[in-house]
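Here is how the chains run, residue by residue.
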Amino acid sequence: MKYIDEYRREADAQKFVAAIQRVVTQPWTIMEICGGQTHTLIKFGIDRMLPERVTLVHGPGCPVCVTPLELIDKAIAIARRPEVIFTSFGDMLRVPGSGDDLLSVKARGGDVRIVYSPLDALKLAQRNPARQVVFFAVGFETTAPGNAMAVWQAKQLGLQNFSILASHVLVPPAMEAILGSPHNRVQGFLAAGHVCTVMGYWEYEPISAKYRVPIVVTGFEPLDLLQGIYMTLRQLKAGRAQVENQYTRAVRREGNLPAQKLIARVFEATDRKWRGIGEIPRSGYRLRDEFAAFDAEQRFDVGALTAQESPLCIAGQILQGLKRPHDCSAFGKQCTPERPLGAPMVSAEGACAAYFSFGRT
Amino acid sequence: MDQQCPIPISDYPHITLAHGGGGRLTQMLIEKMFVPSFANPALETLHDGAILETPGARLAFSTDSFVVHPIFFPGGDIGSLAVHGTVNDLAMCGARPLALSAALILEEGLPMEDLWRVVQSMQSAARAIGVPIVTGDTKVVERGKGDGVFVNTAGIGVIPAHIHVAPTRAQIGDVLLINGAIAEHGITIMSVREGLEFETALRSDSAPLHDIVARVLDAAGEHVHVLRDPTRGGLASPLNEIAAQARVGIRLDEAQIPLEDPVRGACEILGFDPLYVANEGKFLAIVARERAEQVLAAMRGHPLGARAAIIGQVVAEHPGKVYLRSRIGGMRVVDMLSGEQLPRIC
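As you go down the protein sequences, you meet chains A and B in turn.
So the number in my numbering is just where the residue sits in the first sequence, counting from 1, plus 20.
So the number in my numbering is just where the residue sits in the second sequence, counting from 1, plus 584.
Take the hints with a grain of salt, since some may be wrong.
Claimed, not checked - Partner residues are not named here, just some residues of chain B that face chain A (Cβ under 7 Å, in silico):
1. L843
2. D845
3. R911
4. G914
The set of hints was computed from the structure by calculation and includes no laboratory data.
Every residue gets a Cβ at the ideal spot worked out from N, C-alpha and C, and that includes glycine.
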């Protein structure tokens with residue numbers, strides 16, 4: 021199958037593994053930002069093909085994982101309302117809030133539906149004028165254009181029954197938060213290819229220069245990751261710290277300008293709380309005031325809800341690369357994919373779930 | 585008589601869809617609630633059907649309920665699926681189907697025309713197999729209390745004297761085969777249900793396996809150790825069950841597992857692992873190594889086995905676990921399905 025098979029050839033993978041072995045002269049620690057990359061690394065067993073001196077730590081780029089607990093509680097409060105059709109991407113449904121998850125709300129009769137695009141939620145709103153359709157708009161820069169488009173179209177159509185519960189987060193401020201921490205041990209980054217497809221990679225150049233850290237924009241197929249790891253290690257060995265682009269088939273330096281324009285039209289930067297990490301300044305998007313009518317938090321008056329995390333869960337340290345899933349005392353015991361304590365155990369992209377499902381115990 | 589529910593209420597006060605998904609939660613219901621409640625030797629083998637010894641014959645007995653939505657889908661419908669499903673469960677015991685029962689639960693308001701189509705489909709599927717539907721039942725529930733039509737079938741079959749297939753018979757050194765490409769039923773239903781449109785048409789693989797299984801048994805007889813149809817829960821869940829019951833390791837070779845491009849593409853787009861997606865016309869055979877090529881040839885000589893392949897082996901290492909050698913040569917564990925597969929965000 022085109023665009024897949026050529027990135028999964030064993031012979032080519034072995035060549036990269038050999039090249040990586042040649043370039044590794046001392047221990048290095050690399051963080052892959054995106055949960056999709058974590059998933060590929062574990063699913064294809066890449067972590068076990070690398071030399072022991074290369075440590076991969078798994079970054080915060082799992083939208084399901086970093087969505088704050090109180091936002092899940094807000095989603096659940098909204099989804100329980102009889103007039104609401106609550107729509108979401110599939111993997112948000114199993115994320116535990118303080119008590120419940122959205123699947124349980126569905127099991128007890130709430131109208132919770134999986135959609136594949138926010139525009140499908142918009143269509144639902146048009147077809148069900150007597151119901152309130154809410155879309156759970158989480159994600160990084162990757163999903164922001166689609167969500168912006170849905171709100172934009174809703175406004176053009178004058179829809180009164182569509183809103184989004186928004187919790188967009190942004191990669192560059194999170195990278196700075198990790199690099200600025202006194203506990204940081206990340207020496208190089210694989211930047212998230214799909215985020216860069218939208219945003220480009222010029223934003224990473226000042227970060228790379230300021231913290232003297234190599235950043236390689238990397239795709240999601242096995243060979244993409246092996247090449248991205250190789251390019252990062254090559255920079256580390258040479259003492260370089262630059263932004264390089266492995267994912268040239270999808271990413272340009274400036275990114276997707278029409279998408280960026282649409283995002284800027286609908287959203288504005290805001291301080292955002294990250295689950296397990298805390299508040300990071302200007303690390304998220306919220307709806308601009310002129311689109312406030314489409315803000316579900318205001319429409320359903322759930323803005324004041326707050327929540328407490330499970331004290332057992334060390335998701336925050338995992339998402340910052342300070343600990344790995346099996347360092348957690350609850351891993352595989354009190355916390356499993358069926359009964360997750362924290363969000364990294366929920367999504368296929370969460371580091372804990374990837375470790376659990378693919379036998380990294 | 586005041587026994588406590590074995591599944592702590594605090595964990596699961598309600599049934600969720602994942603309890604019927606064929607994965608870990610289904611297994612928990614079976615192991616913690618059903619098996620201890622109904623305890624008996626025939627049940628405890630946890631096979632696709634029970635094997636009953638009677639004077640002069642060994643009988644296989646199995647039942648299955650069908651709740652698929654939509655009831656008509658590319659490649660089949662709930663009627664043919666219900667006939668195939670139970671015939672296949674019998675075939676997985678090594679049995680030739682003798683007779684089926686059919687029970688229909690109909691929702692008030694179901695178009696008579698739809699019922700007629702379902703019944704005709706059951707009739708033609710049963711006739712093609714040569715198995716009579718000899719008894720049945722009909723119930724109607726109020727509008728809104730059902731999903732159009734639910735079908736239950738049960739069946740009995742006769743197991744030839746020299747055939748002994750059971751999950752516990754998987755032995756170190758055995759070879760694992762499958763009769764064709766995986767994940768077709770689950771992805772087809774998913775795409776119809778969710779209104780997903782792909783460029784290529786997807787079709788369910790729903791098919792009766794009794795005949796191809798008979799060819800395999802003719803080719804290798806007692807050297808066929810385990811037969812299993814990987815329906816809900818995909819390949820991953822039954823292989824985990826077999827590994828656990830036989831206390832052996834199973835090693836899969838991803839590059840050898842047949843997968844058609846349209847299904848593969850759909851799985852890539854949705855973020856689904858095809859190892860966890862349902863099949864309705866596929867079976868796994870674990871056979872003695874020296875008969876593997878004969879079994880492969882027998883499968884390939886049948887219309888339902890053109891893409892049959894050897895996809896793995898039974899090993900001494902990691903007993904109870906299933907490992908997969910990925911396309912690029914890395915190794916990972918293939919665990920049982922946890923919950924339902926949910927489409928990813930990005």
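Going through the hints against the structure:
no., hint, verdict
1, L843, "9 Å, violated"
2, D845, "5 Å, holds"
3, R911, "5 Å, holds"
4, G914, "2 Å, holds"
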